[in-house]
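Novice: Next come the chains, spelled out residue by residue.
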Amino acid sequence: MSRDPQTPQGYSKTADSPYKWEMVVDLDRCTGCEACVIACHAENNIRISGEEEAAQGRAINWIRIERYWEGEYPDVKVKFLPVLCQHCDEAPCEPVCPVYASYHTPDGLNAQVYNRCIGVRYCGNNCPYVARQFNWFDPHWDEPLAEQLNPDVSVRSGGVMEKCTFCVQRIRTGKENAAKEGRRVKDGEITPACVQSCPTSALIFGDRNDPKSRVARLKKSERGFHLLEHLGTHPSVTYLRRLAE
Amino acid sequence: MTSRPSVWEDIPKINRDLLAPLQTTTWWYGLWVGVLACFVAAGAGAWTYQIQTGIGQTDLHHPIFWGSYIGSFVFWIGVSHSGTFISGVLRLTNAEWRRPVTRLAELMTMIAIMVTALFIFYHLGRVWRFYYLIPYPNQREIWPNFRSPLMWDATAIFTYATASTIYIYLPLIPDFALARDRVQGWRKTLYRRLAIGWHGSQAQWHTLETAIRIITPLIVMVMISVHSIVGFDFGMALVPAWHSTIYAPYFVVGAVHSGLGMVMIGLYVLRKVYQLHEYIRTEHFEKLGKLLLVTTLLLAYLYFSEQLTIWYGNIPDHLAIQNALLYGTYAVPVHGGLYLCRPPADTGLAWFSNNGHWGS
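Here the protein sequences come in this chain order: A and B.
Here the first sequence is numbered in the working numbering, starting from 1 and rising by one per residue.
Here the second sequence is numbered in the working numbering, starting from 1 and rising by one per residue.
Be aware that one or more of the hints could be misleading.
[Claimed, not checked] Estimated spans, in silico, between C-beta atoms of each pair:
no., chain 1, residue 1, chain 2, residue 2, range
1, A, Ile38, B, Gly45, 57 to 63 angstroms
2, B, Tyr136, A, Ile38, 42 to 48 angstroms
3, B, Asp317, A, Ile38, 29 to 35 angstroms
I should point out that these hints are in silico values taken from the structure, not numbers from a laboratory.
Backbone N, C-alpha and C fix where the C-beta goes; we use that ideal spot for every residue, glycine too.
Could you build the full structure based on these sequences and the hints that come with them?
Specialist: Now the structure itself:
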């Protein structure tokens, strides 16, 4: 079976759905404030890890801000790079899951089926973006934090892999609302928590199949690139380069 | 052994010597069973604790998702290759000296593969859902994902376990018959069932030998494929320094190597404990030692070519791993434990056994 490295094919099932979700990250606008990280934690019932767990490398973040220092003090520059699940069209995490817990939805999302996951952790090994996060222990929230869990998002038990979903619960609500009114989802109607909370609008979310959407237009920008493009994973997250200063 | 002139007269004595442990039980046998039962209980307790509190007790953490369980898994499946290699390959090449070694090696295969299977369960994050790995008909019509190397792995191990059980059972049938005629009580019933009506006629021997001749090449092929697939678990992944074609042959050679070492240790113990110096002779250690030397040198070559390929390829991600292994964080265990110790130590073991130091 030959696979063309340039165009996604094989098990890409995007043709079954009118939508193809895409995120654009404008690095020129990102200030590294981490509002997206906080918003993501609140929206998606991400477990709270204490100092100790974080020091052991077991803190869970679906989106993280990578920091790159350039130059020597005092003439130093810092660059930020928000990294989340890239929802690859040719996702390396999908074929390796023995139980189909890592699954490609018709919308082109890389979904993780928590109930199906048995925790072999091959997907975590095979994700080049280190986006996949594992629950080494059962989650715990101190009272009264447990009272503020989002009822639309399942709480993951110990032994299960999890990662960014592009806020699939919001996508689902948006699609249902549009279907009730017999129309397509409008551009900007669905915003994942990170996109909603970004004070500089560095994150943009939308439908790539709609040629008039902001993401479809920004994606074609000359500044656009993908992370680890040479691996041929065809990510659904497009980054826009920083402008020269 | 068959070449010795007195072989026919020896048969009653051989039977008496080899079946002796079946007829007498010493106090230290009971003690040893007790000690091992304590180990099993401790292990079961530890596993229960891990299931109750979480797989995080393994001290693994992001982004290292696989650790000692997978390492142990690879080791035990390697040990399990001893039986098939020694008895299968040597049977195919008509190496007559293998005979006294064969049974022990095959038994070790079966035991090791059972231990291997345990490590699959230890490793799972939610072991109580292990049956998702089994292709059973279910209401949701979800099958396991046969694109996953882990699924190939599970299939391969199941095949290997089944095949090696048949492989040890077939040549055992005449021996079950021997035991059947010499013991009493419930064991007589057991051995009668296992011997399935063996009475040693020419026709029966002919059928048995044909069956063994058929299964031997098959199991040798299964053995090579099983460990290749265990290598694929790593080689198929995108992880830098794992993504390499070297893993399949590397793992097969490594498996035969560790299997040989384990058989030699097992033989030594067996020989001392049961006083089998007449049957397991220095000659056997010499020949196993030569095989061990061959696999040691092959393994050393593979260690070298693994690193050479990465170094010459100069791909930054892979090189970062190599630097950590050879010069960085892991330099001491890698050089000290693997490169400096393993080939010389194994060559030493081979030399030691080859010079008759294992004594008579």
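Novice: Confirm or reject each hint.
Specialist: Right, here's what the structure says about each hint:
One distance hint, 57 to 63 angstroms for the beta-carbon pair Ile38/A and Gly45/B, is violated here, with the actual separation near 41 angstroms. Distance hint check: the CB atoms of Tyr136/B and Ile38/A are about 44 angstroms apart, consistent with the given range 42 to 48 angstroms. Roughly 31 angstroms separates the CB atoms of Asp317/B and Ile38/A, a value that falls within the hinted 29 to 35 angstroms.
The structure does not agree with numbered hint 1 stated previously, though it agrees with all others.
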